[in-house]
Amino acid sequence: DAGVIQSPRHEVTEMGQEVTLRCKPISGHNSLFWYRQTMMRGLELLIYFNNNVPIDDSGMPEDRFSAKMPNASFSTLKIQPSEPRDSAVYFCASSWTNSNQPQHFGDGTRLSIL
Amino acid sequence: QKEVEQNSGPLSVPEGAIASLNCTYSDRGSQSFFWYRQYSGKSPELIMSIYSNGDKEDGRFTAQLNKASQYVSLLIRDSQPSDSATYLCAVNGDSSYKLIFGSGTRLLVRP
Chain A
1 DAGVIQSPRH
11 EVTEMGQEVT
21 LRCKPISGHN
31 SLFWYRQTMM
41 RGLELLIYFN
51 NNVPIDDSGM
61 PEDRFSAKMP
71 NASFSTLKIQ
81 PSEPRDSAVY
91 FCASSWTNSN
101 QPQHFGDGTR
111 LSIL
Chain B
1 QKEVEQNSGP
11 LSVPEGAIAS
21 LNCTYSDRGS
31 QSFFWYRQYS
41 GKSPELIMSI
51 YSNGDKEDGR
61 FTAQLNKASQ
71 YVSLLIRDSQ
81 PSDSATYLCA
91 VNGDSSYKLI
101 FGSGTRLLVR
111 P
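The listed protein sequences derive, respectively, from chains A and B. Those letters in the first sequence? Residues 1 to 114, by my numbering. Those letters in the second sequence? Residues 1 to 111, by my numbering.
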């Protein structure tokens, strides 16, 4: 079975550019999560969706970050304009909507903003 | 603020020994507990889940849960160098889809 698929795997861009990260959750999962991981702050939840609806975006650091889930099989995380402090690994995870269900992570996007 | 605490390590054990990783959590309402393994440069990978007090064994891994004391642990028997990784504890509340992650414990298994 295909796991969570993220693209691109690596992204290097200059400060001020728009960055779009993409995620395809596991088929049938109806919860989707975006995380950011850095050495200093560890794994941080940015936003999560249930049935394509954003439920909690309290972790989104500022208005430069936005996320969408237009359908059950696709989500995007966009940063505009990007800044060097946004450099991190961004993970997407998905699960069934049930507190007993674990989350399954994609391979992540390593983002570097120069 | 719900918290999950782990010793950052590194925890260094010789090959063949038992590695014991611990985690405490603050929310008494938590009902689901997970251990993830993360190799350097890779994504977190689920290795164990536990929902009730006591022990749960899966191969060389044993998860232990004590809700009264609000701790969960992971034992790795016959540790191998390939077990060297960061182990993340994650806790889910009783009505939340969210997982609260600890900062992880780095395990080093010496050959």
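By construction, these hints were calculated from the structure, which means they are not laboratory data. Incorrect hints may appear among the rest.
Heads up, simulated DSS-like pairs for lysine-lysine below, C-alpha to C-alpha not over 27 Å straight-line [unchecked claim]:
#, chain 1, residue 1, chain 2, residue 2
1, B, Lys67, A, Lys78
2, A, Lys68, B, Lys67
3, A, Lys78, A, Lys68
4, A, Lys24, A, Lys68
5, B, Lys98, B, Lys2
6, B, Lys42, A, Lys68
7, B, Lys98, A, Lys78
8, B, Lys67, B, Lys2
9, A, Lys24, B, Lys67
10, B, Lys98, B, Lys42
11, A, Lys24, B, Lys56
For each hint, the structure was consulted:
1. B:Lys67 to A:Lys78: Roughly 39 Å between the alpha carbons, so the hint for lysine 67 of chain B and lysine 78 of chain A is violated.
2. A:Lys68 to B:Lys67: Cα-Cα ~37 Å, so violated.
3. A:Lys78 to A:Lys68: This hinted pair holds, its Cα atoms lying about 9 Å apart.
4. A:Lys24 to A:Lys68: holds (12 Å)
5. B:Lys98 to B:Lys2: Answer holds: lysine 98 of chain B to lysine 2 of chain B is near 11 Å, not above 27 Å.
6. B:Lys42 to A:Lys68: Holds: lysine 42 of chain B and lysine 68 of chain A sit about 25 Å apart, inside 27 Å.
7. B:Lys98 to A:Lys78: holds (21 Å)
8. B:Lys67 to B:Lys2: Given pair lysine 67 of chain B, lysine 2 of chain B holds - Cα atoms ~15 Å apart, limit 27 Å.
9. A:Lys24 to B:Lys67: violated (35 Å)
10. B:Lys98 to B:Lys42: holds (21 Å)
11. A:Lys24 to B:Lys56: violated (32 Å)
In this structure, the hints that do not hold are numbers 1, 2, 9 and 11, in rising order.
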